[in-house]
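Enquirer: Going down the list, the sequences are from chains Y and W.
Counting from 1, one number per residue, gives the positions in the first sequence under this note's numbering.
Counting from 1, one number per residue, gives the positions in the second sequence under this note's numbering.
One thing to keep in mind: the hints can contain errors.
Unchecked claim - Simulated DEER-style distance windows between Cβ atoms: (1) Pro17/Y to Glu154/W: 22 to 30 Å; (2) Lys90/Y to Lys95/W: 27 to 35 Å; (3) Arg56/Y to Lys221/W: 50 to 58 Å; (4) Asp13/W to Leu18/Y: 40 to 48 Å; (5) Glu125/W to Glu224/Y: 48 to 56 Å; (6) Asp269/Y to Lys266/W: 53 to 61 Å.
It should be emphasised that the hints constitute simulated quantities derived from the structure, not laboratory data.
Just so you know, these numbers come straight off a predicted model, no measurement behind them.
Built from N, CA and C at the ideal position, the CB exists for glycine as well.
Number of protein chains: 2
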Amino acid sequence: MKTKAKSINKALDKAIPLVEPLNIHKAMRYAILAGGKRVRPILCLAACELVGGEERSAVPAACAVEMIHTMSLIKDDLPCMDNDDLRRGKPTTHKVFGESVAILSGGALLALAFEHLTEADVSPERMVRAVKELAKSIGTKGLVAGQAMDLSSEGLDQNDVGLEELEFIHVHKTGSLLEASAVIGAVIGGGSEEEVEKVRRFARCVGLLFQVVDDILDGTKSSEELGKTAGKDQVAGKLTYPKVLGLEESKEFVKRLKKDAREHLKGFDSDKAKPLIALADFIANRDN
Amino acid sequence: MKTKAKSINKALDKAIPLVEPLNIHKAMRYAILAGGKRVRPILCLAACELVGGEERSAVPAACAVEMIHTMSLIKDDLPCMDNDDLRRGKPTTHKVFGESVAILSGGALLALAFEHLTEADVSPERMVRAVKELAKSIGTKGLVAGQAMDLSSEGLDQNDVGLEELEFIHVHKTGSLLEASAVIGAVIGGGSEEEVEKVRRFARCVGLLFQVVDDILDGTKSSEELGKTAGKDQVAGKLTYPKVLGLEESKEFVKRLKKDAREHLKGFDSDKAKPLIALADFIANRDN
Numbered sequence: 001m002k003t004k005a006k007s008i009n010k011a012l013d014k015a016i017p018l019v020e021p022l023n024i025h026k027a028m029r030y031a032i033l034a035g036g037k038r039v040r041p042i043l044c045l046a047a048c049e050l051v052g053g054e055e056r057s058a059v060p061a062a063c064a065v066e067m068i069h070t071m072s073l074i075k076d077d078l079p080c081m082d083n084d085d086l087r088r089g090k091p092t093t094h095k096v097f098g099e100s101v102a103i104l105s106g107g108a109l110l111a112l113a114f115e116h117l118t119e120a121d122v123s124p125e126r127m128v129r130a131v132k133e134l135a136k137s138i139g140t141k142g143l144v145a146g147q148a149m150d151l152s153s154e155g156l157d158q159n160d161v162g163l164e165e166l167e168f169i170h171v172h173k174t175g176s177l178l179e180a181s182a183v184i185g186a187v188i189g190g191g192s193e194e195e196v197e198k199v200r201r202f203a204r205c206v207g208l209l210f211q212v213v214d215d216i217l218d219g220t221k222s223s224e225e226l227g228k229t230a231g232k233d234q235v236a237g238k239l240t241y242p243k244v245l246g247l248e249e250s251k252e253f254v255k256r257l258k259k260d261a262r263e264h265l266k267g268f269d270s271d272k273a274k275p276l277i278a279l280a281d282f283i284a285n286r287d288n
Numbered sequence: 001m002k003t004k005a006k007s008i009n010k011a012l013d014k015a016i017p018l019v020e021p022l023n024i025h026k027a028m029r030y031a032i033l034a035g036g037k038r039v040r041p042i043l044c045l046a047a048c049e050l051v052g053g054e055e056r057s058a059v060p061a062a063c064a065v066e067m068i069h070t071m072s073l074i075k076d077d078l079p080c081m082d083n084d085d086l087r088r089g090k091p092t093t094h095k096v097f098g099e100s101v102a103i104l105s106g107g108a109l110l111a112l113a114f115e116h117l118t119e120a121d122v123s124p125e126r127m128v129r130a131v132k133e134l135a136k137s138i139g140t141k142g143l144v145a146g147q148a149m150d151l152s153s154e155g156l157d158q159n160d161v162g163l164e165e166l167e168f169i170h171v172h173k174t175g176s177l178l179e180a181s182a183v184i185g186a187v188i189g190g191g192s193e194e195e196v197e198k199v200r201r202f203a204r205c206v207g208l209l210f211q212v213v214d215d216i217l218d219g220t221k222s223s224e225e226l227g228k229t230a231g232k233d234q235v236a237g238k239l240t241y242p243k244v245l246g247l248e249e250s251k252e253f254v255k256r257l258k259k260d261a262r263e264h265l266k267g268f269d270s271d272k273a274k275p276l277i278a279l280a281d282f283i284a285n286r287d288n
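Bound conformation, chain Y alone (with noise of 0.2 Å):
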């Protein structure tokens, strides 16, 4: 994992060049560079693998993802959506720039995700399936669906929501891109119908467990051990699953939820299928 985190770091960096405009680049730069655990990109080339693919052809789509993720987070910490100040342990993006130079490096690193995408070494006809399978997932079936209700339920209570509006939240906005990352990676890898869709259904498992585990976060621990602001979704009045389902019970979900990961990868080469599983088990297991 750590040596896949590398390679997209390094291939990020040669993606982003400090060029004109300048503040632009540089606030695309501090907000994809400030570190991240590069959890979609690492999903994406994992997933090449697993279908036989070559690691190479998938750089470019996984450096898309992360661009992609970058954008939303930069999104999300705006002053008019969570207006948080911390993310990654560093100022946020509209904190250190400005609020216009944020918003058009966000808009940037969303059109460089499509622009970077397509240079990606592989037939026109995998590609054209991996830019419907990004956009689907960042549109309103997708991320912004899971964010448009998540501003929608803040100061809601939580008898007044269940657990299948929280699940809606984060299948969207978590689980999409999570989805999309892996399904791009299987699909440019050359997976048959019948893999792409387990690889679909492995990642959709780790999207959720990758929710539930940042939620128990969220209420357990400081911000500094996070490396962003922590207990806020408490202070927003947000859902999460601790609050729904209580913690313990929340902890039991996260190990069926690894088990369930598990299982769809059964039927692909085991060696092959490790470093997903290591994906799956460094979510549930992470402690920031």
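We have chain Y; now place chain W onto it with these hints.
Expert: Frame of chain Y; chain W shown alone:
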């Protein structure tokens, strides 16, 4: 042109149904169905026909460029950008739906543009070229470069910034998407490399033409006549052609660009070039 605009409006209405998340789709529809001249989609359709393609196959691409254009208007109008209250004769999107919904609906339009583009019934090879062209036109080599320079030039004296900087802003902010609209149409229509490059040069003239006329109108018409806040370039201390060249020479420049645009279409079937020439004339002679 009216027929083409009507078919675009119909396709846009269908492309953005009023489904969940409702407030986001409402905002998207409010912004994109508010009117507008549909210059970019018409350019796209006409360029497709110019090179011998069928209009039908370019309709998704034509919708896509209008979605991108609308997204850029929503962004430009935001409080932290131009902070504008009026657009196409109606209150701006963030005025009606609030800032967070405006930002989300802008992002959703951008994502939908790429998703919708991939719906077009053309070969994957042409599609990948179209996606790349669209992505480039809205990133830091296109739209964002122009917006960034535009923001940083505000309040400067016209003596400090010359025609070169002014053209940079316009070539990127307005020109790049107009250029992409035409080029994507020509690519989807199956134009040869040489034909696509001719279309590109034509579109560059049209882009500049569009902006010079916009600048002239901004200084000489009322908000009511324009359907958007008039004189705002002057208030913001923005560079305009009349400021740099004077009003009369700006009008001369319009004539020269109109002539240049026609020149680039020489060699094409003159009947098929007519819609594009009519479009250039319309842009030159419009009064809002």
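Enquirer: Any of the earlier hints contradicted here, and which numbers?
Expert: none
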